[in-house]
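Based on the provided sequences and hints, a complete structural model is requested.
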Amino acid sequence: MSATGIGASVKRLEDIRFITGKGRYVDDVNRPGQAFAYFLRSPHAHATIDKIDASEALKAPGVVAIFTGDDIAADKVGGLICGWMIHSKDGSPMQAGAHPALAQGKVRYVGDHVAVVIADTYAQARDAGEQIVVDYTPLPAVVDPAKAAEADQAQVHDAAPNNTCFNWHLGDKAATEAAFAAAAHVTKLDLVNNRLIPNAMEPRAAVGDYDSGTDTITLYTTSQNPHVARLVLSAFIGLAPEHKLRVIAPDVGGGFGSKIFIYAEETVCAWAAKKIDRPVKWTADRTEAFLSDAHGRDHVTHAELALDASGRMTGVRVHTIANMGSYLSTFASSVPTYLYAPLLSGQYDIPAIYAEVDAVYTTTAPVDAYRGAGRPEATFVIERLVELAARETGRDPAEFRRQNFVTQFPHQTPVIMAYDVGDYAQALDKALALADYKGVGARKAASAAKGKLRGVGFSAFIEACGIAPSAAVGSLGAGVGLWESAEVRVNPIGTVEILTGSHSHGQSHETTFAQLVSDRLGIPIGNVSIVHGDTDKVQMGMGTYGSRSGAVGMSAIVKALDKIEAKAKKVAGHVLEASDQDIEFKDGKFTVKGTDKSIDFGSVALQAYVAHKFNGQELEPGLKESAFWDPTNFTFPAGVHICEVEIDPETGVVKVDRYTAVDDFGKLINPMVVHGQVHGGIAQGIGQALLEGAVYNDDGQLLTASYMDYCMPRADNLPSFTIDTIETPCPSNPLGIKGCGEAGAIASPPAVINAITDALGHEDVTMPATPQVVWRATQKAPLKRAAE
Amino acid sequence: MAMTMTGEATLPAPRPTVWALLNDPDVLKACIPGCQSLERVGDGYAAVAKVKIGPVSATFKGKVAFSDIVPDVGYTIAGEGEGGIAGFAKGGAKVSLADVEGGTLLSYDVEAHVGGKIAQLGSRLIDGVAKGMADKFFAGFAEAATRVASLEAAQAHPAHAEAHVTHHFSAAEPHAAAPLDPGRAPVGAPPAEAAGSLPAAAAPAASVSSPKKKSWFRRIWEWFTSR
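So the protein lines, in turn, are chains A and B. Residues 1 to 788 (full-length UniProt numbering) are what the first sequence spells out, left to right. Residues 1 to 227 (full-length UniProt numbering) are what the second sequence spells out, left to right.
The set of hints was computed from the structure by calculation and includes no laboratory data. The C-beta atom is built at its ideal place from N, Cα and C for all residues, glycine as well. You may find that some hints are simply not true.
For lysine-lysine, the following BS3-like pairs were computed, each having C-alpha atoms within a straight-line distance of at most 25 Å [said to hold, decoys possible]: (1) A:51 <-> B:90; (2) A:59 <-> B:50; (3) B:90 <-> A:59; (4) B:94 <-> A:51; (5) A:567 <-> A:624; (6) A:76 <-> B:61; (7) B:61 <-> B:94.
If the Cβ cut is set under 10 Å, some of the chain B residues that face chain A in the computed set are [stated by the list, open to error]: (8) 75; (9) 78; (10) 82; (11) 83; (12) 84; (13) 85; (14) 113; (15) 115; (16) 116; (17) 118; (18) 124.
Laid out in structure tokens, this is it:
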């Protein structure tokens, strides 16, 4: 392993830029003559718009234009779309209400877009916005997803009777019913997966820029997938044809899923720039981000687990109500369905599983993918159920899991997934040792002596990453293929540009992708640059989400590098006067087998471009190759997390005292980066478990719309994590990578809540387990467990 | 989160006098904190008031309508105001008058809803702001009542003027589910009775006393323990 190759903890090459303030984000983009957009947002959760009077506002200083939904519709620009079709149990397609970029006739959540004011300065646009008079007739809000489908609730969309988007199911109902009928023990649990607000460090922003000379729109936007944004804005929203629309997502400061989606603001900025023939810029303020970024999670679930007398899991059945919010966001429908229920088998060999999911509309912000997207919700269900079943039947939670682990691979679950490889017991053993599980009893006693409650909780998670192959996701309703692309451009002196369809917004691609290339071509890492995020530079690509950049994005680079090597061998063969079959490539040198005749990579690159040593009719000059990689399966990262908490029953404060994670991500490119991803994920998951929760009141007003009321995890909420990995290389991609971006956020919430419920001796705790929630829970007597 | 507030004030003036004052736009305008204009329009009023709730400062333009009007006995007020980008407020109040020794007992029962930026940023503060505004209103109103009653009574006999005001708040859904931050919130602390401070405006003309008034802390504590 070289110092900068695969497996080395190379420090992030992009960090110097970021920590010295030289990153270039969308808000750093300023175009000549640009105007600023201010979005007038609905203060009502649900209301008809009876009249919008902008006559005074139009006279305000600096105002260039004010547009409403009617203006956009008049230009034949369509509404926002959802790109994943789900069919209900009865075969009917999901009911998607229209989602205009600017509201038409009705607003459906606080923060919904009513009008856009464009002025010379942002302050002028905002001031003018205050002078727009909107006559609303308020309608009742629909806030509680558990009640949204009831007959007495107001209707959010006429197209979706009973506020129901779909009633979907997966699995074999009859087989599952039979498993439960024959069960020796059934564990039942009601769970709420709390609604979260993403809170990327950089708020969303957009700059629309129109070149009337070429009739081309350039949109700078905070996107995780600029090509998908261009595709949607062109083919579905109808802004401009693809060759007349350039989308640039430069440095992006975090996304966690929330920047996958195509939102109203960038659509309007791009459209308005052409309309007024001036660049139009918008940057969200933090409260706008709270209001209008797509939120995450928000499930209400009843779940049951059937066991036979020996403690084997025989069936799982789940009913979930998923809150879609007011409109279907770009991939919203996939999250509580195909990214959720297929993971309900966990790491366990469970013969029968049946899941029903009712997706409902409410008058709240749209809900879509957020770090883990469906898989955290599934993991929370199965790992809470399994822990409780162990408690109810007097089994050790670690050994109960081990008894039910999948051990033979490949393993076909009853819910779509075919697990390719894994070693769950190895991860468990390592985690038990690192967490000093044997010492839990003594530590519990020590805590008790101090008047504290100590608990330990497990989470043996599995996730499906990569979100591919394309044919598979297509058969499940995806509107796009989910391969990835790469182009390798070798310059004449042997430096390399990698053009990737993946997008880095915190994932360290500029480092890890360069490590791959440095390793493969035997060139210094400084000779490699990673180009991404610009549809004019980079070939069509699918972007970054679902922990897919390593497994799918880097694999595409490998495939392109394979072609580079093959071509370079031909060039080297001509130079060295040998057959390309006899050329070996190692450590950056092309050598004729069995001889000391060799030429380095840079010289071959130069020879490829000068083309003096070969016939240009037989071998094309140049050294540039591209590849589109479509994997053969999802990847299945898995691991065991063990959380130990100490609760102060006087205050309800939960201290996460120890946190151990042993994960199997397959091959690691950069262990330091992997650990960083795991740290961030665990912190986010602990945030969900203990601190974060979006709250709408009965009127549909968002009460947690700033950091005064929405509590993010901070360093002092977290212990120093104990992190390790095991390695079972993934067979479905050439690098053996599984993906690590979401694991921490998927695994940690059930580990934390299992620890808290262990400490309390009962299950009556909801997320976020704030001091208030936990203190109240301490007032309830512990249950008598089977083991006691 | 409907904010509700009930309370009563004993005003040192006879019912017809209080009733007249309750229907006098000039008196109301002078008493409503931040009120910039109040004009009779049909059966109600058009009002402009400047209100600051925590970080949100806004000029509300609204309409106020009266119903269930029973002279000398009471009425129901319904109002709604738009505060531009600050959001909106709407609500109603039932006001009733009764004779008590030494004057008139005015009882009120308010329910209010707020939306937009006020709810997003100021919802924790609304109870306090509403209470402060009610205190100011009744302090001023009692002063006016005292003044008028004194004038009316000057011929007959000298008045002993004093007003008593009490409030009771409740929030149908208090700011409950918002996560608390360990180490930042005084969770689990023992109940304590903090001294309520009287609004400055209340002092000179009418002493506003509130025997049943509960401190902020007490109300948080009681709500907290009731769940």
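Right, here's what the structure says about each hint:
no.: 1; hint: A:51 <-> B:90; in the structure: 19 Å, holds
no.: 2; hint: A:59 <-> B:50; in the structure: 24 Å, holds
no.: 3; hint: B:90 <-> A:59; in the structure: 29 Å, violated
no.: 4; hint: B:94 <-> A:51; in the structure: 31 Å, violated
no.: 5; hint: A:567 <-> A:624; in the structure: 9 Å, holds
no.: 6; hint: A:76 <-> B:61; in the structure: 36 Å, violated
no.: 7; hint: B:61 <-> B:94; in the structure: 21 Å, holds
no.: 8; hint: 75; in the structure: 24 Å, violated
no.: 9; hint: 78; in the structure: 14 Å, violated
no.: 10; hint: 82; in the structure: 8 Å, holds
no.: 11; hint: 83; in the structure: 9 Å, holds
no.: 12; hint: 84; in the structure: 4 Å, holds
no.: 13; hint: 85; in the structure: 5 Å, holds
no.: 14; hint: 113; in the structure: 6 Å, holds
no.: 15; hint: 115; in the structure: 4 Å, holds
no.: 16; hint: 116; in the structure: 3 Å, holds
no.: 17; hint: 118; in the structure: 8 Å, holds
no.: 18; hint: 124; in the structure: 7 Å, holds
Checked against the numbered hints given earlier, this structure breaks hints 3, 4, 6, 8, 9; the rest are met.
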